[in-house]
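Work the whole structure out from these sequences, hints included.
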Amino acid sequence: MALDALSEVSDEALLVLYANGDQAAARALTLRLTPRAFGFAARVLSDRAEAEDVVQEAMLRLWRVAPEWRQGEAKISTWLYRVVLNLCTDRIRKKRPEALDEVPEPEDGQPGALAGLIEQDRIQALEAALERLPERQRQAVVLRHLEGLGNPEIAEVMDIGVEAVESLIARGKRSLTALLSPRRAELGYENEV
Amino acid sequence: MDEAELEGLFAEARATTPLPSGSLIQRIEAVGLAEQAAHAEPAVRRSATPPRGALSRLSGWLGGLGVTAGLATATLAGVWLGAVQPAGLSSVTDSVSRALGVTANLDRVDLIPSFDPFASEG
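Chains A and B supply the protein sequences, listed in that same order.
So the first sequence is numbered by this note's numbering: it starts at 0 and just counts up by one.
So the second sequence is numbered by this note's numbering: it starts at 3 and just counts up by one.
Keep in mind that the hints were calculated from the coordinates and are not lab data.
Note that this is a predicted model, so its numbers are computed, not measured.
Mixed in with the good hints there might be a few duds.
Derived Cβ-Cβ restraints for the label pairs, each shown as a range [stated by the list, open to error]:
hint	chain 1	residue 1	chain 2	residue 2	range
1	B	G72	A	K74	47 to 55 Å
2	A	S166	B	E14	23 to 31 Å
3	A	S6	B	G24	14 to 22 Å
4	B	R16	A	N85	17 to 25 Å
5	A	R69	B	T75	19 to 27 Å
6	B	T18	A	S166	23 to 31 Å
Glycine included, each C-beta is placed from N, C-alpha and C at the ideal position.
Quick look at the structure:
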């Protein structure tokens with residue numbers, strides 16, 4: 000089947016086509032899912048090379064699960080986010096074995112919270128601040144505010160309840176605000192108010 | 003920094019999502035196609051490889067091993083009945099013969115008769 004003809008086909012239908020030997024479906028799924036998975040992994044890991052490894056592994060698992068995929072049980076994108084998240088968590092814990100969720104949240108207006116930050120633009124400041132968040136908070140905030148998932152889907156990806164997701168996001172945003180506030184002027188917000 | 007400024011920052015970040023390299027895309031697609039071929043290979047091998055041996059080929063032509071076994075059983079049963087002719091079958095053929103008014107022993111045919119009328123004529 001031609002690639003253009005597959006642009007309107009759902010992920011689930013593409014996976015069925017892939018499992019039935021349609022080569023165009025393999026390409027369509029690659030082009031559709033890899034950027035999403037990579038963007039998420041890169042933000043969670045803050046490392047492109049590691050994000051590439053994670054996404055390759057996650058997509059390999061997708062190819063292998065395709066023949067046994069049960070329709071209607073889960074969205075493929077949700078399943079993929081979950082696999083990527085678990086692989087990222089494994090890597091983070093191998094690098095930093097201490098329980099990251101026990102890292103104390105920064106206090107509001109803590110001076111020098113982003114001291115040593117070399118990058119000057121807002122995106123880099125946000126990425127640096129995200130990196131300072133406890134692991135689960137960062138994952139929840141990235142999924143909600145950068146990947147655009149709804150709270151129920153995030154709950155499915157993270158295997159927790161919706162209320163826990165809401166709590167993680169709220170705490171994560173409070174921490175981000177606290178981390179970024181000292182740099183408000185530097186990031187150009189003073190003149191916009 | 004307030005809530006609105008943070009939301010604005012998220013929006014800016016969404017617009018600059020890290021993109022995968024072309025080589026990563028190519029690698030993932032290549033692996034996908036290889037996995038797809040690996041999944042398809044056993045089915046292709048099953049359909050492309052002919053069964054070996056005369057019996058297997060005969061089974062294939064006749065529609066499977068079950069049909070071949072049925073035919074073999076019927077053949078053996080026919081040979082057995084022809085050779086020993088069970089008593090039950092004799093009574094059936096006798097009753098049919100009587101009903102038709104045939105008195106000769108239909109199951110006994112003299113292929114080499116001992117009396118040849120043409121031989122006595124000289």
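To see whether the hints hold, each was checked on the structure:
no. : hint                         : verdict
1   : G72(B) - K74(A): 47 to 55 Å  : holds (51 Å)
2   : S166(A) - E14(B): 23 to 31 Å : holds (26 Å)
3   : S6(A) - G24(B): 14 to 22 Å   : holds (20 Å)
4   : R16(B) - N85(A): 17 to 25 Å  : holds (24 Å)
5   : R69(A) - T75(B): 19 to 27 Å  : violated (44 Å)
6   : T18(B) - S166(A): 23 to 31 Å : holds (28 Å)
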